[in-house]
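Protein chains: 4
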Amino acid sequence: MRTGQTHLFVPGPTNIPERVRQAMNVPMQDMRAPDFGELTLDLFDGLKRVLRTERARVFMFPGSGTGAWEAAITNTLDPGDRVLMARHGQFSTLWAQMAERLGLEVEVVDAPWGAGVPVKEFARRLGADREGRIKAVFVTHNETATGVTSDVAAVRRALDECFHDALLFVDGVSSIGSIDFRMDDWGVDLAVTGSQKGLMLPAGLGILGVSEKAMAASETATMRRAYFEFADMVKMNAGGYFPYTPPTQLFHGLRASLDLIFEEGLDAVIARHRRLAEGVRRGVQAMGLELVAEHPSLYSNTVSAIRVPPEIDAREVIGAAYSRYNTSFGSGLARLDGRVFRIGHLGDLNEGMCLTALSVAEMALAEAGMQVDFGRGPAAAMSWFTGAAEAPELRVAAE
Amino acid sequence: MRTGQTHLFVPGPTNIPERVRQAMNVPMQDMRAPDFGELTLDLFDGLKRVLRTERARVFMFPGSGTGAWEAAITNTLDPGDRVLMARHGQFSTLWAQMAERLGLEVEVVDAPWGAGVPVKEFARRLGADREGRIKAVFVTHNETATGVTSDVAAVRRALDECFHDALLFVDGVSSIGSIDFRMDDWGVDLAVTGSQKGLMLPAGLGILGVSEKAMAASETATMRRAYFEFADMVKMNAGGYFPYTPPTQLFHGLRASLDLIFEEGLDAVIARHRRLAEGVRRGVQAMGLELVAEHPSLYSNTVSAIRVPPEIDAREVIGAAYSRYNTSFGSGLARLDGRVFRIGHLGDLNEGMCLTALSVAEMALAEAGMQVDFGRGPAAAMSWFTGAAEAPELRVAAE
Amino acid sequence: MRTGQTHLFVPGPTNIPERVRQAMNVPMQDMRAPDFGELTLDLFDGLKRVLRTERARVFMFPGSGTGAWEAAITNTLDPGDRVLMARHGQFSTLWAQMAERLGLEVEVVDAPWGAGVPVKEFARRLGADREGRIKAVFVTHNETATGVTSDVAAVRRALDECFHDALLFVDGVSSIGSIDFRMDDWGVDLAVTGSQKGLMLPAGLGILGVSEKAMAASETATMRRAYFEFADMVKMNAGGYFPYTPPTQLFHGLRASLDLIFEEGLDAVIARHRRLAEGVRRGVQAMGLELVAEHPSLYSNTVSAIRVPPEIDAREVIGAAYSRYNTSFGSGLARLDGRVFRIGHLGDLNEGMCLTALSVAEMALAEAGMQVDFGRGPAAAMSWFTGAAEAPELRVAAE
Amino acid sequence: MRTGQTHLFVPGPTNIPERVRQAMNVPMQDMRAPDFGELTLDLFDGLKRVLRTERARVFMFPGSGTGAWEAAITNTLDPGDRVLMARHGQFSTLWAQMAERLGLEVEVVDAPWGAGVPVKEFARRLGADREGRIKAVFVTHNETATGVTSDVAAVRRALDECFHDALLFVDGVSSIGSIDFRMDDWGVDLAVTGSQKGLMLPAGLGILGVSEKAMAASETATMRRAYFEFADMVKMNAGGYFPYTPPTQLFHGLRASLDLIFEEGLDAVIARHRRLAEGVRRGVQAMGLELVAEHPSLYSNTVSAIRVPPEIDAREVIGAAYSRYNTSFGSGLARLDGRVFRIGHLGDLNEGMCLTALSVAEMALAEAGMQVDFGRGPAAAMSWFTGAAEAPELRVAAE
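Residue numbers (full-length UniProt numbering), protein chains in the order written: chain A, 1 to 399; chain B, 1 to 399; chain C, 1 to 399; chain D, 1 to 399.
Be a bit skeptical, because a hint or two may be false.
Since copy identity is lost for identical chains, a pair holds within one copy or between any two.
Claimed, not checked - Okay, derived cross-link-like pairs now, SDA-like style, lysine to any residue, Cα gap no bigger than 25 Å in a straight line:
hint : residue 1 : residue 2
1    : Lys48     : Arg82
2    : Lys235    : Asp184
3    : Lys235    : Ala334
4    : Lys235    : Ser331
5    : Lys213    : Arg133
6    : Lys135    : Arg224
7    : Lys48     : Thr3
8    : Lys235    : Gly319
9    : Lys135    : Ala216
10   : Lys235    : Leu333
11   : Lys235    : Arg315
12   : Lys48     : Lys235
13   : Lys235    : Met98
14   : Lys48     : Met1
15   : Lys48     : Asp267
16   : Lys235    : Arg101
17   : Lys48     : Leu289
FYI, nobody ran anything at the bench for these hints, they're computed from the structure.
Start from the sequences and build out the full structure, keeping to the hints where you can.
Next comes the structure, spelled out in structure tokens:
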């Protein structure tokens, strides 16, 4: 029988802070009441602050981040439009699959799982696209499957350098609110996220930032859509209402989570993620394990995908952690299944929790058959957390 | 300042029972844990019992009932398919609008707001459709805007009598779980509902029952879809998982609400709705007001749409109830705006609550300028609830 | 099976406001943490505002109001001390019984159940007590069993007029926070209340206001005490701590309930109780029933004790309300058992709830065999609530 | 700003399991309802199972464990009765102080803080007490201040061996439900506990097991008492009611916590405490620190009191843990202040949490100036938890 706190280290849905849980524990209310907008209108503004945008419009669709992926596509593109996408992990692969299903002509660049978005190849193709046939470029800012953070600003530069007019789509589901994300500075046109990662809520809201340029595109885009129609939302959101029943409890939770983020300070939240992630990585390295991410400049501050030694089955590591230690790690997805386990270190987190993750990881690895020198992982993280270890030069450069 | 219990009588989202609230107040958990299916798999079975189906498959999409509308259409029809729909209230009108947006050729039958689905006209058109050009017939079982319950079984008979093969779509958002609904008996192919009405949960789940025939149609249907794709759900649901992050808290709530329904007994739940609704209607009639529903055989047991006298503005009634008495009534939608207020009487409800609704309605009507003889409404309901009034013959026949 | 909201009209424990429930739903915390006082110290100040005292000290004992009764006695009196008390209801009777058990020499004045504290008789006895043998006078401000509010200020005047030095003990369990109570103005020395009435919390805190004079008495009082020792509390409370583990969740709830009270305004809270109580009383009278309270000047604004006709058993009324209508009324206590039911109308309450109480009362009375003309009770209350009825002259004078 | 889970390792109040939190989050209810006993009566039985008694009666007083101390004394003893007590930690000292305040003649045996109850000295004095002047012997089963578990069975044997008739009082506040406790087998007459330790609830219930012999004594005991009077409770508890407003929410929580205990199995709960405590102790020893408990046979399985090196201030350790790592350790009480910090390891706990405690302890010790070789503490615990370390022979013998 399970006892004690659940140790949740999947890279989403993430731990819900107590204040958010409190806030959501409310009776039902009238979503058409005259003062309903007092609750909702501020949420749009708060999300704009999280996206670091002043010019974009924000949408909250009842659904998941996947729904927001679809909303982004169907509202701004035409059937048959050519789009440029990379596949370098499970989530970028799924987004490309969705684009194909929705009738886009997807120009796919495959990169190793562990690499970032292939900026140079994107730049090359955009430069070669003299007629502007590429209507949109898609970037998975943080590939949750591999623990890789890509350089969105560099993709923007690539577009600008060849004066390319394509829309820039960014999947920020596991980065926004946790890793530096700058919608306006980076000229992101469609920024996708969900409620269940850095926003520390249950799943249920697909969130979308849409630039003025993308809003303009939505007026002429001919792809079929109904549930995810921007225009319906625009009309109702003006007063803080929604075209269909919204998840009111999540709005109360979002109010609380935005308050938490702004009280801590968005920059401080991001710095905390960097600090805690570095502790986890040092612990992992001290255990003698390697990350999937190919280079330190790609390390994700929200999730670490960790390769187990070849003779070990990562599923056994995850299974032991779950069944014996009430601890959930993320599994290796698709081609990484069995080779990788993932530690999500995003959202409502602190040093003690990261040390729990590393300690349980050591025990679970031992139970899966690895020779583990207990304590090395936590020790490396403790040195970092207490300031006894030196800060890494590289990360500063990378961010 | 508002004090005391909120009196929520909108026809959804409905009051959340305490046990459901308790059940949802849980920390986040791993939606890919090996035992996650223990939570979810039973929910599909429970929903089948609520739909009264043994043969259909059930889907739970993160989203609203509107999303389930879309899922039903996009998974089973082809672009340009002809479908037969009626418009006799705001929700049937919106569904027809969605069908058009998604590229269907909608054959619309307009009926008065207050009428039911025009079964005879449907029968006539289906009979005339010798080539089977009509691919689907849509029925809004309970038109929430007008408080009208239509006769789904009669539409099924109309289809059967001319051996018509069209799929039967039914919007049961405000009926399923509250008003008798029989998916198998009535040969419903796509039954749509949401979490926030008879299931007494927050919004956030679009629920769909899909017949074997409709599942077969989904394998060849060519309409574009991604988020709402049945096949992805089928694959993942087998083990109790989902293709994207599901709203786990709602699943816990659904477990509790299904338990409540089955402990009371689905038949008893339906009988209770009938009894409480009759009390409300008697109260309304004792106040000298009329329902929008044209005939007692159409009266909805989940919502009553009530016409105010011509000299009264229903918005003022609703406003007074809300601002002075912490009570939410539903407003008149679209063409009924200002002429109608609605009392939702579905979900977690009892006699005392219905009497509160009637009492506050009397006070709010008085404050909006109507000459009210206080106490008549509640008195009529009390007579009914205590058994001092006779049961209506008509309802028995109608149901 | 019970469905819908529970209609709770016992005169305590009272309905818990949602914000209070939210506030209490927190994980456990360290009651010796350096910042624990940030939570607790303000609570003492808030309670002083509720007691309308600037000079008294406030104690919060883990326990019930009965515990605070005991704390008041054991900390300020010596064994064998003579005290003056009245018995005019169940709670004043129990307090006198406690005083005897604790070794006091209780001079009891018996008055009819339905009368207030016999001020004139108290005055007479105090005037006659030339040697000052009476060490304390006890007043039950609001006798919850009979729905009678007594005149504490008049008892103070009686003391002052004969320059009597006795301590003035007041049981304000069902008045403080709901009915005007003025500790400093009235020279109350020991003001007793609990968390579960006007403070709208679960039971668990016995609350005590102690005047400077009573604090001085506590330094020499020789009655045995340990758990309820003021000195231990004084010492620890200075930093916001407690001599033994306090009910932290209740402190969070108290923070929320004090916020609610001060946001509404204490005067407004009291006015609201008066207004709602008047509605209930008018309803009761319109039903043809009488209150236990002997005179309108004694009517309690927190609870109405209602006599049923002689041929009716009040227990059946209460039973029918509970079993059929999910409604709890208070029962007749001790000698009033079977003759009386009580409607508590205090705490988190509004007009709709009062109308529910009256409506259910009519149905329950009918089911218990009374000939009820349905709707009269609610109608009278509605007239009052909507301002269609005239304000009673008497109440203004009385308060 | 604090983020992430709070790491609570004070030896009470302990972490509240989620199911208990859920259970307590209920609206208020009528504590005199006819079915109220359905909730409460089973609780008495459940507590008897936890106390391992079939013959004793159980009381639940609104209050803290300190209140239950008082209830035990005042209901069974006469003023001036001689009682035998030991002082070997802060809580045994406080109990002795209470006994004196309440007018007992306390024969105190002082023992080192870190020693157990001086069984031999008790035996000697009991043997010498030929006239049976000692009316009661008090044992602090688990001295929370020092992390020492004493041998209650040995005290019983000492009583039996000289055929002494004194009542046996046991403070089991921090043992019952976590450390083996056998009321009937050990002939305990008054077993005291509270809700906020092994029962995993908020503070608010003082719980008492009372043997038949002690119940008989209560009928003639002459000590003054009112709030804590057994007889009032006995009378009302028969139907599941209480003489004053009980903390209903805690009853719901207790239902849940008893369910958790019995689902896991009381023996398994005790074994888990032993296993987790052993891990913590091994970790502490691997850090080079010593426990206050003088001998392994005295080690408490619910709390470890840990001496810091002489040059370190334990308050700084506790302060660093709290302010930097959101972690609460217990402080050194009274004479141990600054010399000791305590890790509570009782209630709802698992391996990961113990490792968090050890990891944070290492960091906090380092920040307080100790030279710490990071990772040693967690490593020793991991070896134990994974079975890589050998089981200690001694513990088996001791328990």
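Each hint tested on the structure:
| no. | hint | result |
| --- | --- | --- |
| 1 | Lys48 to Arg82 | neither (29 Å within a copy, 42 Å between copies) |
| 2 | Lys235 to Asp184 | within (24 Å within a copy, 39 Å between copies) |
| 3 | Lys235 to Ala334 | between (41 Å within a copy, 15 Å between copies) |
| 4 | Lys235 to Ser331 | between (41 Å within a copy, 18 Å between copies) |
| 5 | Lys213 to Arg133 | within (17 Å within a copy, 42 Å between copies) |
| 6 | Lys135 to Arg224 | both (17 Å within a copy, 19 Å between copies) |
| 7 | Lys48 to Thr3 | between (40 Å within a copy, 22 Å between copies) |
| 8 | Lys235 to Gly319 | between (48 Å within a copy, 22 Å between copies) |
| 9 | Lys135 to Ala216 | within (14 Å within a copy, 36 Å between copies) |
| 10 | Lys235 to Leu333 | between (40 Å within a copy, 16 Å between copies) |
| 11 | Lys235 to Arg315 | between (48 Å within a copy, 21 Å between copies) |
| 12 | Lys48 to Lys235 | within (19 Å within a copy, 36 Å between copies) |
| 13 | Lys235 to Met98 | between (27 Å within a copy, 16 Å between copies) |
| 14 | Lys48 to Met1 | between (44 Å within a copy, 23 Å between copies) |
| 15 | Lys48 to Asp267 | within (15 Å within a copy, 41 Å between copies) |
| 16 | Lys235 to Arg101 | between (29 Å within a copy, 17 Å between copies) |
| 17 | Lys48 to Leu289 | neither (38 Å within a copy, 47 Å between copies) |
The earlier numbered hints that this structure contradicts are 1 and 17.
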